[in-house]
Structure formats: C-alpha cells, structure tokens
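**Student:** Spelled out from the first residue to the last, the chains are:
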Amino acid sequence: MYDNIEEALGRSEGDYTEIRLEKEFRDTVKYEKEDLINLDSSVESGGIVRTLVSGGWGIATFNSTEELGDKVDQATQVARTASSYLSEPVELADTPVEEESIQPELERDFRKIPLEEKRKLLESYNELILNFDKRIKSTKALYSDSYRELTYANTEGTRIRQSVPDVVLSLVSVAKSDDGSPQVAHDSVGEATGFELVTGREDMATGVARRALELLDAEPVRGGEYTVLLNPKLAGVFIHEAFGHLCEADHFYKNDRLQEIMEIGKQFGPEDLNVVDKGYIPGRRGNTTFDDEGVLRQKTYLIKDGRLNNFLHSRETAAKMGGKPTGNARAVSYRHEPIVRMTNTYIEGGVESFEDLLSSIDKGIYAQDAYGGQTQLEQFTFSAGRGRLIEDGELGPVLKDVVLTGNIFETLGNIVGIGDDLEIIGSGGGCGKDGQFPLPVTTGSPHIRIKNLTVGGR
Amino acid sequence: MKLLEKASKRAKSAEVFQIESQSVPVKFTAGELESVKSYETSGAALRVIDEGQLGFSTGTDLGDGEEIVSRALETAGIGEEVQFSFPEPQKTGSSETFDGETARLSPEQIMEMGQRVIDEITEFDSELDVNVSLQRSSDRIRIANSNGLDLSERRSSISISVDVKLVGTEDIFSFYDSCQAASLGNLDVDGLLERIKQRLKWAGLRTKLPTGRYPVIFTPRGLTVLLLPLLTGFNGMNVYQGTSKLGDKKGKKVADSSFSLLDGGVFPDSPFNRNFDDEGVPTSEKKLLDEGVVNGFLYDVRSAYLAGEEPTGNGTKGGIRGGSDFRSQPDASPITVVIPPGDRSFGKIISDVDRGLLVDQVLGLGQGNVLSGEFSNNVSVGYRIEDGAISGRIKNTMIAGNVFDLLERDLVLASESQWVGGDLKAPAIAVDGLSVVQKD
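Those protein sequences? They're chains A and B, same order as listed. So the first sequence is residues 1 to 458, counted in this note's numbering. So the second sequence is residues 1001 to 1440, counted in this note's numbering.
The following block holds chain B by itself, in its conformation from the complex:
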C-alpha cells in the first residue's frame, strides 16, 4: 500500500485504515417516497508511532498522501509517549461478511421493499403515519501496518428502520423498530412487521399504572436501558481509569446466575459477521459474564496496553460494519453482544405477573450517570400487565433504578431470543421491584 510505504519511510511504525463505502439510502416520509440517495465515502486514517510518540490524522481526498503523512508526523512530534505497538499479523476467521446480491440491490428493489413495509403497516391501520428508511451498503475495508499486518474485507448490509406515529386528538403514540443484516436472505422483515403489529394491538387501550414498585419485564429492545450502563462497566478504558463499577470485580458474582453475557464478532445465526476489529485484531468470542460472574473486559490495543491486558478484538471506529467513523481513533467497544436465553416462555413470564410493567422503548437513554449504573427514563412504549395479561398502554411514566443493583436480584430470562438492530441477541428479562412514577 502506497500510503503505508510513504508513512513507514518517515516514521518508525505506521498503520493505515482505509474504507471505501457505497450505499443507497431510500427514505419514505408519511408513507410516501421522499428521496433516493447515492452515497460514496472514501477515507483513510493514519496512525504513526515515531520516536515513541503517537500521531494521528485522517483525510478523504488524499492525493499523493503528502498532507496526511505530514500532519500525522506533526502530531506525533508532540504526541503521547506510548509503549504499545500496532498488532502483529494473526490468523483471523473466514466467516462470510459479504453478499453480492445485497450489495447490488437497485434503488427500485429497495423502494419496493419499503413500499411493502408501508403497505403492510397501513393495511393494519390506515390512520398510521409511517416513515421508513432503507439502506443498502457495501464497504471495502483495509487495515495494514508496518508489522506486516494486511487485512481486507468486503462487508455488505441491508437495513430497514421504521418510525410509526398514531396521532389522536389527546394523544400521540410513536415508536421505532428496525432490522438489518449482511445479506438480504437473513433480513428478518417478517419479524419486524410482526413486532410492529403486536405493539399496535397492545396499544389500543390507554391505561395507567399507579406510582409504586413493580415487577418489570424488559423486551429485548427495552433491554438497552440496562445494557448501556452495564457494557460501560466492561469498557477496558473505564476499567483502567478506575471509573468502571466492575473494574475490581473480576471473578466475582455481580448478577443472578441465570445471566450470562457474551461478546464476539462471529455468532452462528448472527445477521453480521466481522472477522477482525478496526485494528486488525481477530474478533474472538468471549464471556464477559459467566453465570453472573465477571469473566473479562473489552480492550482495544491502547487500553489493553495501559491496563496490562491483551487486546480482545474490540477496537472499533463505530458502526455495525466497523469503520463508520474512520475519523476517530479506535476505542474499546462491544462488537456483537449475546445474552443466552432462559427456560421460561415469554407468555408464561407475563402470565406470572399480577401487576407490573412491560418496557419496550424509552426516552433519554444514556443521559444519566451511566458509569454509576443509574437510569431514569420516560417509558415511550410500555404496557401495563394486570392479572397475567397485557391490559393496555401506559404513558407519562418514568422508571428509575440502578442496573448493578437490579442484576443482583432474581432475574427471569425468557426462552425466546431475538436480534435487536443486528448487534444484540437477547431474550426478554424480568426484574422485580423497580420504581415506577406515573403522572396523574
């Protein structure tokens, strides 16, 4: 690679991350086609270590590469002294990450998919206001460094996200759902439509839940309320900096033994595979929580070096296919998270509840003190459970608690799992005694 050669001549070691991305986003507003887009990105990020100091620069229209190399070296001249080196070549997996048919989907085909989703939803209720965004993408990613690592991969994806509004005179009900996959064949459009219709059926009747403490069931999508603070605790940089609530808990039990948590780049039925992270480290499967016991944390190359650990294949530049923000330096974050299911059916869990709340979507995710595990959210999509059945949709309702406290209680995990947004597979999970505030 020319850029790597050029940088290597002037710095002791260098790493180039390159992405070329092509996508076709199609947008429908209020059930009607709004726009079709052809989107091209071509960018590179250069990291250099020179005289033991780290430098970084990114660019798009690189020309002969002179500017980006000079800028990276300039930053290295005053940059952080680092002891780590860029990853050595390692054997990576060879799972399929690209589907040619998906990458070639025409705007017409994508529009037809969008129209089908709109038709099915509005057939259910013609008063609904439906916005749909679809996108097919194909990326070519290449990571090469002066240690001889040189990896490239093509990654395709197709995604549909749906925003539904039901506007009444006294009340607006609005929710969101999505599905995405690397190949059209794995795109679960039927599952998406089924979930949307289920919400609308349950939403028919408005009800309230008096302020108090109740058993609360989080749907797989609603589970992000708990997962966001929890995963922050597994971030290797937070562990190193002493701000993770789990940092000193390795080998200790922090959650109910029914709860395990896995991270990796390749899972058997995953809608997306990634064989290596954005630094070229293989994305190994690992247990973060093993039956409630903390087993390990997530590290990129730098945080691993700082914490005296090994990189875990979690150095990412964002996005489900990786590299979506090539402008940023890699950061330790989860790739694909899986929570193994329990043994009680979702229906049975609901029928076991005398009075409680089913939480599917909230507002204000991640806006509280995430490090401490505190959450306090407005439930935008939630249902009251009464005598073992859904009795209607609630509104103006807040839930609040601390994730780390909740997980230590008895948890009930449903036996059915579901992919959420392509990078999380989880069952519904019930917890007891969560604080609910209902506005009169």
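Next comes chain A alone, as it looks inside the complex:
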C-alpha cells in the first residue's frame, strides 16, 4: 500500500502533505423488543489527503483510492485557493519522524467469531431483559465491533500502520406501568479488546431491567442547589464534558481573551485535584497510540495540584500557542481531518472513602451514571441515569430526571472531596465535536463531592 502513497506524496507540490487511508470491517447486531432490527456485516474504505500550501489547508476525502495522485492534486488546488485568503499562515509544530507498525493482540479476535454467535449472545441478553418482569415493555440491545486498518504517511517521512479494534455492548430497557410514563435505564461497555469483553454480561442485562423498574416508583428530583455526590461513571463524564473540552486548544488558540481565562498556573480546583488525559492504557477504547498527525501518545496533566497545567494540542494549535503537540489530533474516520480531541481522560484518585464522602452530607443527591452531557465553553449540563436522595449522611429514596448544570470554573472550585476509588470506564457511544461523532473515548474518576451544584427539576 505504501507504494501507492509514496508515489502520490512524491507528486505533492504542497509545503506539507499527509495521506491517511482506512479500511474498516464492522459487524452490527441490534435487537429492539423481540425483533432483530439490524444485522449488518460491512466493509468500508476510503482516505483523506491534507496539504498545506503557503500556510493554507486544502483537504480532499474520497472512497476510491486508486487515483491517489489526483486526490493530492485536488487538495493542493483547494489549498491554493485557501492560502490566497489567509491573513496568517498556518504553521505546524515540530514532531519527531516516526516509523512504526502496530497490531493489537486480541484474546478472542472478534473477526474470527461467526456472526451467528454474536447474534445469539445478544439475543440471550435481550431475552433476559424482556423476560425479567412484565412491566418491561421494550429493549434496545446493540452489539458492534469494528476493526480499522489505518495507514498514515506524510512528506516529513513519518510512516505508520496501526490497526484499531473496538467492541461495544449496549443494553437499554424501557419499563412502563399501566398508567405511568415510560422509564429508561441503560448500560454499556466498550473497549479496544476482543470478544471476551462482551461475554458473561448477564448481570449487566438484569441490572438495566432492575433499574428501569426502580425508576417507575422513583420521585422526580426537586430543582435547586445541592451538595452532590457523583459516582465514578458520572464524574468521568463530568470531567470529560465540562473541563476536558475546554482544554482542547482549538477552542481558544485564536482567541486572546479566552487564553487569559485559560491561563496556565491558574488555580481551578482544590489542591488534591489532578486531571489527566492519557493516550494509552492497555485495552482502552480512547487509546491513540499515534494520533492522526503521526504524533506519539503521551500523558498530559490538564490540572495538577488544582492548577491548570497544560492543554491538548494538534500540531497547528501547538505552533500557534508555543506549546508541544500532545498526540490529541484525532479524526473519527477517513471522512474527516484531525481535530483536537481527548483520549482516556480521568480525575486521579484521592484519599477519602465512599463512606466518608457520604456521611458528611446532611442533605444532598447521589447522582449515578450518565445519559450524556453537553458543554458550551464555561457552561455545562449533564444528565444522571438515576439518583438517590441523601439525608443525614444516608442514602434515601431513588430519584429520576436528575440533570446537573453549572459554570465549570465555579464548579471545579466547589469540589470538596475526592474519593480513593478511581474507576476508568469504557462505555459505548462516543464523543461528538464539530460534526465528528462518535469518537471512542474513555472517561474515569473516583467518587467526587461537589457543593452548591444546580439541579434542574420541577
């Protein structure tokens, strides 16, 4: 494959050119209620050329990789047009030339598992949920695996081949009593591993069934300000959504005022708060051994001892801000150019036990699991899968419709307890940014306690 690429790169008239080719094999099985709603075995291939001409980016994406040289010409042509409009040419920070080939070792390679076995496994989980209770009205059960073969080369000499496995199991149950509203519970696992991740997950199936039933009797949360104890799953989503995105340098590398707000060394949280983005943890789905600019992964402290420590960079944002590339330029597929993204992002463990965190709360909410979250710079919102009322340090009734919101700078300052029980969690779904979705990421955290957090409700 490199021959084709070498020839095309050789033809490039740009100041810098990179080519990324991808071939993806994926299987999908999906049940809804009793119905096998999707069974899909597909292969997709395509590529992207990105080139810099006089400091202007030109990009071409395509499915047919036969006339690669023409795609380089095409990208060069649009780059020329772009460069004539530029007030400030793009520069790229230096990065070592890399030559590497990476193949994952999978315990049970899902490519060798017959589709029928995948279907049967998912069917068994689906039936477990459906038959759990007559009030379970519907389900959504999804199995998907993907194996992406990536080839990357640029005119600086970097040549990387890497294969990226991804396997996901996601289960949703919908319960409804005769007169009530439907209630939904979900759970998922997703990792860069083999088929072994998704077998033996009967507890996960019965768990989502049980939780949907619990929600039938749950009280809606009363809106207001509370001390909130976040479980690791939700706290992980919180730190990813609310703070991680803010550290992506492409949000502010051209905005001086935002850079003043995001000043390195500024105190953002308590002394014992450390937030990390780590490009490689064995088996994790956020792993990015080499990013889509050929930069080697690293471990980046975003917050160290409560102070802003570093940003996540692409080569472009690093050059503009005088930083170093951090291996965070990622693209969701060959259809997109790399942009600054997270990998495996987590809050490091502290010293407090779960009991200590809980017992000192007079009135509060224990918010568990996450439906999702969204941020708009300093503002964030995220939805818990469920919650429990906390009274006098004890867990009380189950709550539903728990949505937390706030201003990130204020909220980080209001963290008043970090647990000793760090969990790094790979789940299904993925992260979305600038139309690139879903990007596999991993989040993690111990239990954390936050005071004065706004909870929406009626």
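Incorrect hints may appear among the rest.
[As the list claims (entries may be wrong)] Here are the in silico distance ranges between beta carbons for each label pair: (1) B:1119 to A:362: 33 to 43 Å; (2) A:86 to B:1194: 22 to 32 Å; (3) A:202 to B:1386: 50 to 60 Å; (4) B:1119 to A:354: 52 to 62 Å; (5) B:1204 to A:4: 21 to 31 Å; (6) A:179 to B:1119: 56 to 66 Å; (7) B:1190 to A:452: 41 to 51 Å; (8) B:1366 to A:224: 19 to 29 Å; (9) A:435 to B:1295: 57 to 67 Å; (10) B:1387 to A:225: 23 to 33 Å.
[Stated by the list, open to error] Below, a list of computed lysine-lysine pairs in the DSS-like style, where the Cα atoms sit at most 27 Å apart: (11) B:1208 to A:363; (12) B:1249 to A:137; (13) B:1208 to A:30.
Please keep in mind that the hints were generated in silico from the structure rather than gathered at the bench. Predicted model only: the values in this text are computed from it and were never measured. Glycine included, C-beta positions come from ideal geometry on N, C-alpha and C.
Let chain A serve as the given structure and place chain B on it in line with the hints.
**Tutor:** Chain B alone, transformed into the frame defined by chain A:
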C-alpha cells in the same frame, strides 16, 4: 443496475440504495479562513430478503459487488424473519430538488459568502469571536428494488452555520444559528444575520430571574426543547413497541386546539424538497396533530408492517437531503415538520407577559427521558421578560417540565413563522407556568 441484478440472482428480493455525494465545506475560525475541503462519498447499501429472512450490508469501494452481495446474503442466512416486502413502484411528486448553480458554487464564491457573514457580524461588535462553516453539496441518490421500483434524484444544498462567542472577564456568551436551502436563491442569509444581531442587542444587559414558575416563550429555534420528545411520540416503531406516550391516543386530544403539527417532504416555501424517502416511498404531506388531536404516526416500511399500518414516506437514513448515513438501515423519522402559526404577533405576545422567560437555545437537548416527555435543560440563550419587554439576558438558569403536560395547557402561537435549519417551520410558542431554577 448491476448490483441489483447480481443480488436478485441470488436472493428472492433485493433493494439497493446508492448515494454519490460531492461537497465543498469551508471553515472559518475566529473570523479567519481555516480550511477548504473537497469531499466525495460514494456508497451503497444492500438489503436482501432471502427465504423470508432479511440481510443487510453496506460498502464503498464496491468493485464487482461480490463482497457486499455475499455479506448481505450471509446476514440473511441468520437474519430476522420478515413478512414485509420492498415497496412497489408508486407515483412520486416532481418538485424541484436540485439547483445547478448552487451545485457548482466555487470555493471562492463560498469563501466570499463566509467573509460577508463575518464582516457583518463583526461590524456590529468587533470584539466578537465568530466561527463560520459553509458547505455546498450535491448528491445523486438512486433507489432500486426487485419489485421494479427505480427512482433517482439529484439534490443540492447550501448551508451556513455560525457560532458566535462574546468573551468577557466574568462571562462568556455563546450561541449558534444556521440556515440552509436547496438553492442559493432560497438561502435566507439576511434572516440569519438579523437573528444574530437581535440576540446580541438583547444580550447587552445581564440579569437574573428568581426561581419560580413563569410564562415561557420558546422561539422557533428554542422549540426543539418541546419538539424532540413530542416527535419521539409519533415514531411508528415506538408506537409499535408500546413506548410512545401517544401510541394509544389516536383520535384523542393531547394538545391545545391552537396546535397542529404536519410532516411531509414538499411544502410550498420549503428550502428543501424531497419527493420520496430513502426506501422510495412518496413523502406525502400528513397531519400528525390536527388542532390538538392525534391524527397519525410516522412509519417506514418495517415499522408499518410490524404495526399493521401503511408506510408514510418517513423511512430515512438521516440528514436533510436523505441518505447522509447510507450505512444505516432506514428508520422512521420526520422529514420536514411544519407547525401552522397562530394569530397574535410575537411582539404582542411578549408585551402581554408581566414577568417571564424567552428561551432561544438550551444545552442538553435529548439527554433526559425523552420517551416520557421529560426535559430539563440549561438555558444557554434566554432573556428575561419584565413588564412586557425584554429586560436582559439570563444565565445559569434551568427549565424543566414535561412536554405532554405542557401542550395540554393554553398555548399561544405567534403569527410569524420561521424556518429553522431547513426542516422545521414554526412560530414562537408561549406556555404558562414552567418551572425555572436560577442559580444565585
């Protein structure tokens, strides 16, 4: 079509969905050109029914089609037993879906459009940080099946989306707006700029709204808060699965009689037309809610079969022009949604409010229990109304409620309608007594 022939030889029936798409996205960051892209997609999806079982596969570089056919047949071998068949050929509309001039817009022309938008906004306030993405696209879609259906259509589009940030020392104000159309002539850039300037004018003063219950007016864009759960209730698959709150309400009144809801593929002034859905079924216009009464639901071929109904022309693979995710199987979803306007002007509705909230944009859309109609959102763009006038921008404010409860109350619909994002036309709508939580 070769692929269809090949598949039909080996399976009892087959359907091919093909898309060839070309687009030029142009991106400006912080008011400066960031990148220009040339984007080509060529993909196909194959559904087969063999021995009564459904199989599916998709691909891009198809070659002789051998791999995709084999994979689809392999999945059919262990696939769902289905009774439905692919649609028969039917007469479809012939509304214009393609504009040659729009499809040929050069990168330079698109860059100039983007620059104009940036100049106009920064002229209003030079401190603003403006990101603009523009894209022109042209697709060629073909759907053919072994029942003899063979439809193709070219669809063009041009879109502009704008992200504006105003960064102060204590406060960041940020919002988003967009417009899109099948042809440049129908692209409402002036309307887009007017809305952006209006928001900035209203945003000048920061204020708070004490926690409580208030009348709330949703702008057409803000209305997605209510429409997302509501439309989920009209999804035929949810109706069949018993998870729709509206499933057993056909013929019953669920909303104020001032509120009607239409779906279809062709509307007289629509910025986009689509004559058929992604399964080749004509996109008929239908009333989902007729003066507050549930009139019907949205079905693709499969959900219609399961529910014992007829397909309504709502089988889609996503995206405003259809087929944007050819990798997925078709799903029942709205094509273009229209809410007919009311008879009171927007200005009059505002002036009737003593104290209340105008909601234009929120965070966390669709992240709660959508099926039950619950919503709980952080209002990212909202304004306090005091004594019948906008008194300033609010912040750190949550709204929460249940769509199905709210719609039963007295609603006031504005007499002016607006296209939002090219596939929704709606007026502003006022509801009473919504819960608002304001952080001190």
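**Student:** Can the restraint linking residue 1249 (chain B) and residue 137 (chain A) be considered satisfied, given a maximum Cα separation of 27 Å?
**Tutor:** holds (18 Å)
**Student:** With 22 to 32 Å as the target window, see if residue 86 (chain A) and residue 1194 (chain B) comply at their CB atoms.
**Tutor:** Once the Cβ atoms are compared, 29 Å apart, the range 22 to 32 Å for residue 1194 (chain B) and residue 86 (chain A) holds.
**Student:** Range first: 23 to 33 Å. Now tell me if the beta carbons of residue 1387 (chain B) and residue 225 (chain A) are that far apart.
**Tutor:** holds (28 Å)
**Student:** Lying within 56 to 66 Å: is that true of the beta-carbon distance residue 179 (chain A) to residue 1119 (chain B)?
**Tutor:** Holds - the Cβ-Cβ distance for residue 179 (chain A) and residue 1119 (chain B), about 58 Å, lies within 56 to 66 Å.
**Student:** May I ask you to test the hint 41 to 51 Å on the CB atoms belonging to residue 1190 (chain B) and residue 452 (chain A)?
**Tutor:** holds (44 Å)
**Student:** So the hint says 57 to 67 Å: do the beta-carbon atoms of residue 435 (chain A) and residue 1295 (chain B) match that?
**Tutor:** Given range 57 to 67 Å: violated, Cβ gap about 35 Å.
**Student:** Residue 1119 (chain B) and residue 362 (chain A), beta-carbon distance inside 33 to 43 Å?
**Tutor:** violated (56 Å)
**Student:** Verify the CB-CB distance for residue 202 (chain A) and residue 1386 (chain B) against the hinted window 50 to 60 Å.
**Tutor:** Holds, at about 57 Å.
**Student:** Against the 27 Å threshold, does the CA-CA distance of residue 1208 (chain B) and residue 363 (chain A) hold or violate the hint?
**Tutor:** holds (26 Å)
**Student:** Return holds or violated for the Cβ distance of residue 1366 (chain B) and residue 224 (chain A) against the range 19 to 29 Å.
**Tutor:** holds (24 Å)
**Student:** Range hint 52 to 62 Å: satisfied by the CB atoms of residue 1119 (chain B) and residue 354 (chain A)?
**Tutor:** holds (56 Å)
**Student:** Taking the CB of residue 1204 (chain B) and the CB of residue 4 (chain A), does the distance hold inside 21 to 31 Å?
**Tutor:** violated (57 Å)
This entry does not satisfy hints 1, 5, 9, 13, going by the numbered hints stated previously.
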